[in-house]
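K.L.:
Just so you know, the sequences run in chain order A and B. All residue numbers for the first sequence refer to the working numbering, where the first residue is 197 and numbers rise by one. All residue numbers for the second sequence refer to the working numbering, where the first residue is 472 and numbers rise by one.
You may find that some hints are simply not true.
[To be verified] Selected chain B positions facing chain A (Cβ under 7 Å, derived; list incomplete):
hint: 1; residue: V513
hint: 2; residue: T535
hint: 3; residue: I581
hint: 4; residue: T619
hint: 5; residue: P671
hint: 6; residue: V753
hint: 7; residue: Q756
[Stated by the list, open to error] Here are some of the chain A residues that sit facing chain B, going by a computed Cβ distance under 7 Å:
hint: 8; residue: L290
hint: 9; residue: I295
hint: 10; residue: Y301
hint: 11; residue: S303
hint: 12; residue: A312
hint: 13; residue: F322
hint: 14; residue: G427
hint: 15; residue: V472
Derived by calculation from the structure, the hints in this document are not laboratory data. The structure presented is a predicted model; accordingly, all values stated were derived computationally and were not measured. Cβ coordinates follow ideal geometry from the N, Cα and C atoms, glycine included.
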Amino acid sequence: MKRTVFRNRWLPYVLVAPQVAITLVFFFWPAFDSLRLSLYRASPFGDRLIFIGLRNFERLVGDPAYLRSALTSFVFSFFVTFVGLALALLLASLANAKIQGLGVYRSLLLWPYGIAPAIAGIIWLFIFHPSYGILPWLLSFVTAYQFNWFLKGWVAMVLIVVAAIWKQFGYNLAFYLAGLQAIETSVLEAASVDGAGPIRRFFAITFPLLSPVTFFLFTLNMTFSFFDTFGLIHSVTQGGPGDATSILVYRAWKDGFDGLQLGLSAAQSVILMALVIVLTAFQFRYAEKKVTY
Amino acid sequence: MAADGVTARAHVLAPARLMAGPARRRVDWSGWIAHAILVVAVAMIAFPLYYAFVISTQTLDQVTSLPPKLLPSTNLFQNYADAWTRAHMGRLLLNSAIVAVAVAVGKISISLLSAFAIAYFNFRGKQFVFWMIFVTLMLPIPVRIVSTYQVVSVLGWVDSYWGLTVPLMASATGTFLFRQFFLTIPDSLAEAAQLDGAGPLRFLWSILLPLSKANIAALFVILFVYGWNEYLWPLMITNSPEMRTAVIGIESLVPRTSQLPEWNVAMAAAVMVLIPPVAVIVVMQRWFVKGLIETDK
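Take the sequences, apply the hints, and build the full model.
P.N.:
Right under this line is the structure:
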């Protein structure tokens, strides 16, 4: 802690005032309001609110469509995070040597971070386009199966997963490359002299030493895939076909803004809030411990 | 740590390796393999963007014919002009620029001030303020969709630049980043400033601010990209076409099933929208990497 050096009775309050004002008005008030609204339902004419206790939550938990959305969200995040990280780690370890000009590669890898998920989605939408896209065209030489994401839910899911991974990939790879460069080669050489093969070396030495990087990328990709991919869904699949790509955030928005079911949407917000709290707690708990061995 | 034992053993083994040394000097294949893999990775990552650009230069006939053509064509100017006029691109890009800059500058200023107060003053309720700022980390927009909209409509800020920017300006990450940085600055600096008769604001302006340049630049890149690419908030808070930001506004150009498949125009629009944030990252790369690492802490 700093030995505090300035004395002033009112200045510190003035300095924190803008931050506190915005926090109260746009974060705390709406959050409490969500909690309150989640216990109500709008009357048929939308002119007043009717208190219904926990019925919104009961309805969500008993609603197969909502449970499907939860599953969709987890499947989507799982693929984006695990497949994305596994691929990046695999490539990075294959490319693990003293690399000349790493900075140049880093520049060439990091730029997709700047592309909005929605824009990444539009580009991949065309690549996957059933009539004109290059991917279904290439696949048509291999199989007669129609990779039409307008009709098949799983193809739509692959489309958004690929778009999301693409946007994050270079970034994940750049962090793994940097992490690998920081590992002492003497440790790996010694293990190799002791007779450990490349796979054994990877799991016994490289992977544990990379755990801080993995942890950092894991939380980042989880948060990204859960909360920052709304634009991707909205601009590409609109949650469809059917509700195959309707992740939780998309459904909460749709029920609130399209369906005007304010109470139901607020209840979904509350569930999401619980999820963020768990994620944040997880992040801080392990960040404290500095996951290395 | 176990690593010390391992390195010690490596030293013992070193002479043996020296003796085997000079007879065979091999080409360093691992280096070449690494370069080959990275070149392939870079190319794979770049391909979708290249493809989008190529499509944006083609005519409608070329876009819709198979096999796909992978070389630029001659229709570039026409497509970009079409996209520009049809989506009112000038206005969209202006809105995005205003939002991105306002959010970045606003967040940086607000968090710089509160971090200064927290690091350099003792005041009643400091713990509470710190805790409040921390909790905002757990309340991203998707978690308070309907209610935040209602608050903004009570204020009469729907469909305005105020509504688009101010609610996004509170920042826990920025505050923590600056506070952390201020704690590394020696106390003697502040003491010296006091001896010279400089007040706290003078100290903030003439000493802390110049010292924070790198952190400010790092945050700016991250926040500019965030503000430019934010989707859910502008979608909720704007309803007239003139107030839309670019990321949302170009959606009308994306051909749906029943429409003429003018993907060349859609891709031209996509390229125009993605250039500014990507350019900021490329130009400010050094600070971008710093920001990436530090804002997540």
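K.L.:
Now tell me, hint by hint, if it's right for this structure.
P.N.:
Here is how each hint holds up against the structure:
no., hint, verdict
1, V513, "holds (5 Å)"
2, T535, "holds (5 Å)"
3, I581, "holds (5 Å)"
4, T619, "holds (4 Å)"
5, P671, "holds (4 Å)"
6, V753, "holds (6 Å)"
7, Q756, "holds (6 Å)"
8, L290, "holds (5 Å)"
9, I295, "holds (5 Å)"
10, Y301, "holds (5 Å)"
11, S303, "holds (6 Å)"
12, A312, "holds (4 Å)"
13, F322, "holds (5 Å)"
14, G427, "holds (3 Å)"
15, V472, "holds (5 Å)"
In the structure shown, no violation is registered for any of the earlier numbered hints.
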